[in-house]
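Colleague: Residue numbers (this note's numbering), protein chains in the order written: chain W, 692 to 930; chain Z, 692 to 930; chain E, 692 to 930; chain L, 692 to 930; chain D, 692 to 930; chain G, 692 to 930.
Please note that the accuracy of each hint is not assured.
Unchecked claim - Once the Cα atoms are required to be at most 27 Å apart in a straight line, the calculated DSSO-like pairs of lysine-lysine come out as:
| # | chain 1 | residue 1 | chain 2 | residue 2 |
| --- | --- | --- | --- | --- |
| 1 | Z | 713 | W | 843 |
| 2 | W | 889 | E | 906 |
| 3 | D | 889 | D | 838 |
| 4 | D | 729 | W | 729 |
| 5 | E | 843 | Z | 773 |
| 6 | E | 843 | L | 713 |
| 7 | G | 758 | G | 773 |
| 8 | L | 889 | L | 908 |
| 9 | Z | 843 | W | 713 |
| 10 | L | 758 | D | 889 |
| 11 | D | 773 | Z | 773 |
| 12 | E | 773 | L | 773 |
| 13 | E | 843 | L | 843 |
| 14 | W | 893 | E | 758 |
The set of hints was computed from the structure by calculation and includes no laboratory data.
Number of protein chains: 6
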Amino acid sequence: MSEVAGRMSIQAGATSLEITNKGSGILLGGVPGVAPAKVVVLGGGVAGTNAVRVAIGMGAQVVVIEKSIERLYHLDLQFGSKITTVYSTIDAIEEHVTTADLVIGAVLIPGGSAPKLVTRNMVSQMRQGSVMVDISIDQGGCFETSKPTTHKQPTYIVDGVVHYCVSNMPGAVPRTSTFALNNATLPFVLSLANYGYKQAMKQDGHLLNGLNVCKGKLTHRAVASALHQEYIPAEVAIG
Amino acid sequence: MSEVAGRMSIQAGATSLEITNKGSGILLGGVPGVAPAKVVVLGGGVAGTNAVRVAIGMGAQVVVIEKSIERLYHLDLQFGSKITTVYSTIDAIEEHVTTADLVIGAVLIPGGSAPKLVTRNMVSQMRQGSVMVDISIDQGGCFETSKPTTHKQPTYIVDGVVHYCVSNMPGAVPRTSTFALNNATLPFVLSLANYGYKQAMKQDGHLLNGLNVCKGKLTHRAVASALHQEYIPAEVAIG
Amino acid sequence: MSEVAGRMSIQAGATSLEITNKGSGILLGGVPGVAPAKVVVLGGGVAGTNAVRVAIGMGAQVVVIEKSIERLYHLDLQFGSKITTVYSTIDAIEEHVTTADLVIGAVLIPGGSAPKLVTRNMVSQMRQGSVMVDISIDQGGCFETSKPTTHKQPTYIVDGVVHYCVSNMPGAVPRTSTFALNNATLPFVLSLANYGYKQAMKQDGHLLNGLNVCKGKLTHRAVASALHQEYIPAEVAIG
Amino acid sequence: MSEVAGRMSIQAGATSLEITNKGSGILLGGVPGVAPAKVVVLGGGVAGTNAVRVAIGMGAQVVVIEKSIERLYHLDLQFGSKITTVYSTIDAIEEHVTTADLVIGAVLIPGGSAPKLVTRNMVSQMRQGSVMVDISIDQGGCFETSKPTTHKQPTYIVDGVVHYCVSNMPGAVPRTSTFALNNATLPFVLSLANYGYKQAMKQDGHLLNGLNVCKGKLTHRAVASALHQEYIPAEVAIG
Amino acid sequence: MSEVAGRMSIQAGATSLEITNKGSGILLGGVPGVAPAKVVVLGGGVAGTNAVRVAIGMGAQVVVIEKSIERLYHLDLQFGSKITTVYSTIDAIEEHVTTADLVIGAVLIPGGSAPKLVTRNMVSQMRQGSVMVDISIDQGGCFETSKPTTHKQPTYIVDGVVHYCVSNMPGAVPRTSTFALNNATLPFVLSLANYGYKQAMKQDGHLLNGLNVCKGKLTHRAVASALHQEYIPAEVAIG
Amino acid sequence: MSEVAGRMSIQAGATSLEITNKGSGILLGGVPGVAPAKVVVLGGGVAGTNAVRVAIGMGAQVVVIEKSIERLYHLDLQFGSKITTVYSTIDAIEEHVTTADLVIGAVLIPGGSAPKLVTRNMVSQMRQGSVMVDISIDQGGCFETSKPTTHKQPTYIVDGVVHYCVSNMPGAVPRTSTFALNNATLPFVLSLANYGYKQAMKQDGHLLNGLNVCKGKLTHRAVASALHQEYIPAEVAIG
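Please model the entire structure based on the sequences and the hints provided.
Modeller: Below you can see the structure in the form of structure tokens.
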């Protein structure tokens, strides 16, 4: 699903930049002689990498901000001159976010809540009509000004900046998302059907890692921590 | 402006494919393991080439249909394995349009009216929720089912197929379009201001070619022909 | 050797498609205005990836079918718009194989026998003169209709479909294959020469993994299983 | 047809390099750690450019020798680091041909006979099992050692070097060639059918240029010159 | 020679940016996580295009400023997301030059003197240690602060900005430049040797265009104009 | 720092090849029609890979020599037709080094001393004015003829071959290197500041691995071995 959300985020951002949607009216790729939009992607994981690919493909000027040196190395090797990779510091985020036409929040932490990387103060310094898309909204969002929206009313404005924070972004493209989900889950479904949940989880660590709740207990450490509940290891809970 | 319209057409098409916009809910680029959308671009001129670039960039499977062998050669040299080039025949158009997720009409004939390449019959054979974007709507459109729309209400449905036929597509991204227009027209404006219209047009054949009406006479052959009016050569009309 | 076989498979397939070799007479890359051949590669491992690269390089339209989500992700990241990645299901295989001009069987399972992914029924639905190349023929082949052939008489016809199933494909290009083999085996040869087989295998797990037979016992689990023989762990057998 | 022949020439060359076809047994693209074959393309026009593309695509090390500075400039801009462009001199041809694994003769001069760029002496210095493919064989060939062959018996050996000189190379892939020919000739056929040959040729300079013989007179200067016959301008001959 | 100078300009600029050469100590390509240098190329002709290619190749962030819409279109098509193309206005030059790490002056006007696109005032606003390379120095240079230097002492400092203005840049790489010059001039030399200067020039308009002085008269309009001398058409002067 | 050194090595090599620096006067990328320089990179790790990228970017013909089959595979997948990958043997090194215009020594062995891959004898067979850059000079260098130099006097000549062996190459571009170093070390600095050295090292194996000396004992095996000193495991030394 991160791939779907990452790819859709740029499409949603490009549309939100249209003036009819209260955006600044800039075309992501510009045209020859007219500079393209500046797209800043926060986070270079799966969602961020997919956002980067589409943003490059639409002709934008792309900056990725990421804190893992190893991820930065791979992004640089993969995309070379087509992007600028920046090590994540508060200063770097402020410098690039406040001059961006489109900011993509792609900081996903499995099970946990996303850190608030972009402050209200940064938002207020952005150009009127710039756009922010928060992919991590399901985990609380990584912009201080984020709050969940729906496909029906996908955007709202804070300090003149358009916010797109749809919780279920892949829901807009079910023909793609459903197949993606099937492909990812089918092996687990087969295993559960063939062996029952206990045996299936014992055989497959990935499946076991996916167990969040069992017999009323929280069995996923990050979830338990985010909800301030007691944590029981999955292997203990299933007995 | 053809470049702006060409690039925007894919963005508009991708958005129209979202299920909330009555599209089929397919993501243009698919995801790994799930096939991308099939985009068919009719016409490989400036508008078509720009549409092709963005469609590739967003990960779609792209087919260009064009009748000039030379244009096909250059498109193939430019994009290689990333696209399929097809020589334009009625059969080829029918085969590819009826299996497309997104069709871009980019057949622009300077001054004249666009040929109706896609018939109502072809439209009726397309999958429900597929999308057609007609860039040549200002010249009457190249789909039999096209009629002009506005950014306020950009789409309508015919036989379950979403039609996006906004007459002034670049109007959605004025920050880009205005600069593009300035760049393209500034040399002519300077020349007109410095020399007056007669002298300026005598010095510059491109400017002369752009003269459509002069002293009540139509001085552009294609326009005159499209409107069934008498044609007077521009050099004669300006005296 | 998988790299040699993977690269050669497309060359062999392209040649088999020539009408003088009873192929359908399609050029892999087409030409501008004439669609390229559709190449379907079953398996996205080393052999499959190398087949994909050459197929793209020759201008074909390429589809890779693979069951590992992670491999699909890497193939998509590597080749982007140049290929279509498809998650492996019986339906997907049938859909793509029956419409292919060239099918490459690149499903290699170390030591084991290849699964029969393409049935006789699918073959019978293919266009006359289409071509199938089975790289996994040494492991029994992954097409139901595969049987080993030689470079002297490399192809045979089933239901009008040309089959190329040469067991020792790299044997056609010994100047490349020999060096490749030398490079891959030299470190092991040096180790065996310097330390003797027992000590060499104790020092190097890779070498130990390569031991198939020792003192009359089968020491490779997959081989033993494929031949229905008893399996003795390699470390036990060498004493 | 130059595009078909250019693309096929590399495929034919790669197959001829197989040891079973008396080639040196080198794989065009090599494998990681084993150097690829050196392919030298004589002539950077349409046929040569298409040969270059496929040779790059199959992973070969490619050298193009061409005498037009402008063509060299475009080839360099198009292919960059993937090829070496060399200005055509006798020395350069000798240096590169004698160290090549595969030489493609792609020197086509409309209507005229091809210059003999590669001498028998150069051929005799090549490595045993190297391969030469002469696309310009229809115009007499550009190797001193070329003589026409057929798809039935496509190659012969001179000084240990395999020669592939099939006159009608596109004949091996009729499904592609026929469509290509149709696309290229259809507009002329329509014009001839609608207007008759005289009127059609008067309207279309390209068609007129294609007239070789009219009322028993040679109306193509290069053909007349190659055959030592009198030349009558086409517009004179048709009256 | 424009190609040599264009490619060398980036190499010279990169070296001048080293701190030991009084540059600001930035690496053109940056490293993952550290932003690359900003390179601004003034002029998108042959020299500029070659500078752009090497700058991209070394990993810089590249902006090209050019006044021809058509050149901008081709640069955009060629390099896509790897560069930003900007229409040339005084404002655009000032904005980009004053924020650049390296500025390449590649405005070559055949025979004429280069316009002073960069003023002293702009130079004084640049960061200390930034670098300017003036390829058009042979025509007077396109920076107000340019004055010719030699390979022995290639740079000087104005307002803290390093200027590299070597008149004969290709002289540093004679092994490449000499061959390039030979290739470009050989056909003319052969023609002059075979036919004498009068006949050779009558046969070849390119050669005639190259005539600057004949029998004491200036026969090149731009040169005559730049030197405020009388101009005699070349065809008149040679008689 | 390997990335900085790898990228700078090509820039330093290109400059050293200028005739004013006693190089052979070849331009790395050649020009259309004139062959580029041959660059041989010994070692395909991080430093080597970065050197390869810049060398390709500047248009050179690149050969990488590496002894890990897996690294060769990844280099081939990454760079394809743009480089030649060669398995490292004494013969291969001799063949390629003696015909190179520029040799980059990028064989870095953590903590140990670099092997002398290029002998004096090979150097003496190189063309006059060729250039060698030794990135591994801090570990003693991988050319028999290497000795450390400084940015003030970066090169010296052996047998007519220019040697560039600056120990602290990144020192020339401190604006880039300092940020790179900060990014790489900041997490460790924070951890040391927050927890003290003992606790920090216990929490983070990477930090522990970086410990070379502790309480007068050598705690890095390769360093101890290179200096013929006793080795104490880091975890023992810190107590």
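Colleague: Between residue 758(G) and residue 773(G), is the straight-line Cα distance small enough, at 27 Å or below?
Modeller: 19 Å, holds
Colleague: Would the hint linking residue 773(E) and residue 773(L) be met if the CA-CA limit is 27 Å?
Modeller: 18 Å, holds
Colleague: Is residue 773(D) close enough to residue 773(Z), meaning Cα to Cα at most 27 Å?
Modeller: At roughly 18 Å apart (the allowed maximum being 27 Å), residue 773(Z) and residue 773(D) satisfy the hint.
Colleague: Keeping to a limit of 27 Å between CA atoms, is the pair of residue 843(Z) and residue 713(W) held or broken?
Modeller: Since the Cα atoms of residue 843(Z) and residue 713(W) sit roughly 12 Å apart, the hinted pair holds (cutoff 27 Å).
Colleague: Is residue 843(E) within 27 Å of residue 843(L), Cα to Cα?
Modeller: 16 Å, holds
Colleague: For the pair supplied as a hint, residue 758(L) and residue 889(D), confirm whether the alpha-carbon distance does not exceed 27 Å.
Modeller: 25 Å, holds
Colleague: Would you check the hint for residue 889(L) and residue 908(L), treating anything up to 27 Å between C-alpha atoms as holding?
Modeller: 16 Å, holds
Colleague: With a cut-off of 27 Å on the C-alpha distance, tell me whether residue 889(W) and residue 906(E) pass.
Modeller: Distance of about 42 Å is beyond 27 Å: violated.
Colleague: With a cut-off of 27 Å on the C-alpha distance, tell me whether residue 843(E) and residue 773(Z) pass.
Modeller: 36 Å, violated
Colleague: Given the hint that residue 729(D) pairs with residue 729(W), does the C-alpha gap stay at or below 27 Å?
Modeller: Holds - the C-alpha atoms of residue 729(W) and residue 729(D) are around 15 Å apart, at most 27 Å.
Colleague: Does residue 758(E) sit within 27 Å of residue 893(W), going by the straight-line distance between their CA atoms?
Modeller: Roughly 22 Å between the alpha carbons, so the hint for residue 893(W) and residue 758(E) holds.
Colleague: Between residue 843(E) and residue 713(L), is the straight-line Cα distance small enough, at 27 Å or below?
Modeller: Distance of about 12 Å is within 27 Å: holds.
Hints 2, 3 and 5 from the list above are not met by this structure, while the remaining hints are.
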